[in-house]
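Chemist: Under the working numbering, think of the first position of the sequence shown as 956, with each following residue one higher.
Please note that a few of the clues may not be correct.
Calculated lysine-lysine pairs in the DSS-like style (CA-CA distance at most 30 angstroms, straight line) [to be verified]: (1) LYS1078 / LYS1251; (2) LYS1001 / LYS1244; (3) LYS1172 / LYS1182; (4) LYS1256 / LYS1167; (5) LYS1113 / LYS1030; (6) LYS1251 / LYS1182; (7) LYS1167 / LYS1052; (8) LYS1136 / LYS1172.
The hints are simulated quantities; they were obtained by calculation from the structure and are not laboratory data.
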Amino acid sequence: MSITVLHYGSNTHPSLIYWGFALGWAMEEELNLFLLSRRYQLPAEKIVFSSLEENAAEAEADIEDVFEQLSEVSKFASEKWTDGGRGKPPQQVNVWKVPIDSPFSQLQSLGRSCGTTIYLVEKYESARSVENERVTELLEGASEGVVVIRPQIFDFTKSPRILIPVGGGPHARYALRLADKIARRTRGEIAPLLVETDIGDDSEAFGEVSLKRQLAKAGIAQDEHVKSQIRVASDVMSCVRSVAEEGFDLVLIGSSDVGRVRKLLFKTLSDRLLQGAGSTSIAVCRSPKSQTQRLKDFVEKVLVVTVPQLEREDRIRLFETLQGGSRWNFDFMTLLLLSTSIATIGLIQNSAAVVIGAMVVAPLMTPLLSAGLSLAQGNLPLFRTAAFSVGMGFVLAISVGFAFGSLFGPDEPTAEILARGGPTLLDMAVAFFSGIAAAHCVARPNLSAALAGVAIAAALVPPLSAIGLSLALGAYQNAEGAALLFGTNIVAIILGASVSIFAAGVRGKGKGSGGEAWARRSLVGLLLCALALAVPLSPVRIFKAASNAEVPDEILGKLSKIVADTLSGNNASLNVRTLGKKFAVEISFDTSRYPNEEQMQTIAHFVDANPSIEKITLHPNIVVR
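Can you make the complete structure from the sequences, with help from the hints?
Modeler: Following this line, the structure appears as structure tokens:
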């Protein structure tokens, strides 16, 4: 295991080697120094620096300067830091000559061959410099820990004082652990700082409890070198800046967002911390990536290679399209009202064609796609907009269905109404793939012609109409089934849309951001909902409950015999649904004629003779030969 310092010769601040040396010793790991220059070529050449032997003279000025700095720091560390049983500092440093324009993948490969666990790199003010591009690559692409520092002149003959603002999260705890190890090795001091908002007289006491909890999570013991500080203030960064001016040598902050790193190093913390001898260095660290994050990075790399990624203009257009179509306004309400009315009439008439027409008009797909986009982006405001529209649409559609059912409803639910009351796992699969297809079509305008077919497959409005109609007709069990179908469609379409949009190149705001954390929790919640919905949707579970409990195999056999003998049908299929403690049986079969009165009477007697069966619904398919 080793610490790797990226050094750019004369452009690098001299203090960088000191902090690398201190970090390597604190972590009890070897120290590697990647000296990057345009003069070098691959493969990288290694030169070993040793504090115990005479080092070979090097003609290159950069190498001579690096060896001189290493000698100075190593000599001081051996004399001042080894007392008190602290062991010996690194006596050997591997210096690698690396081309400055090496691909990041080759730099990573070299780092892994050296057993790198932490990269230490300087951040420069120019955002477009080669050095800062490397910083971005490390923060986003390296699996190992990364420390980005803006070093200042430091008198390393004294022990360092390190200030660590504590804000919670894995990166802040990582910063605490690094600072604690450096301070213990160098006889330094750390000051965990918690800035508490002013909530009254007990603000400081609350802050003290919170800070102790954070230190315990990070595994930091309250020893003499730990000087905790609690401040009450409304502006966190102004407070950090004020405390840092009290003689601290390093401010170490945990974060993983590239944009925030630059802001912390060059904007948020005042330049007066970086002026004059003995000024304060500022560093931002990112903890090593978890296995989950590494898997996500791997998936993203595979998607970039295998799936065409949306350009920036396409992503902007997608966002504008979905955001505009998700708002609850007059147009949205009108389309939903019309589509629900059409679907309800189709269900009452038992007309599949009319129901299909209603699916094309329905606008509910757009807010669900917006919800999928919000999960891919970590965009909570967009999700709230979509959720409000879906919620209002839910209420409106059920109200329309109930009104039509009360005024024009049939005496018994039609086959189309009943069909929405018995969802299965296949319905969930259809909704999931519909979400993927719809998001794919919306993101690519040349495929917009396929959206009508996707809308028909998704079937969002008919279940809502069926809920209202079933409630009006007193078919409460069927209303529950239709509600289950609608909920299944909602969850599956959002998940499918999120997968499709993520695969197309829409990513979150920034690693470690609040939006990403919300999106991660929401995705987990939706997946749990999908698993929970899969239980009542499972036809295997329902059939077993029916056949093993209330409806024995003998009765199911008699039902099949009735179809074959009494109804003169074949290719029969039985669908058993629960109605409280009883069961409703639907029989679909092929026949050459409709059942007559005598046949219907035979079935009625069968129902009377079996109390566990509430009713039998026949679906004859007339076959003309």
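Chemist: So which of the earlier hints does this model not fit?
Modeler: Result: hints 4, 6 and 7 break, sorted rising.
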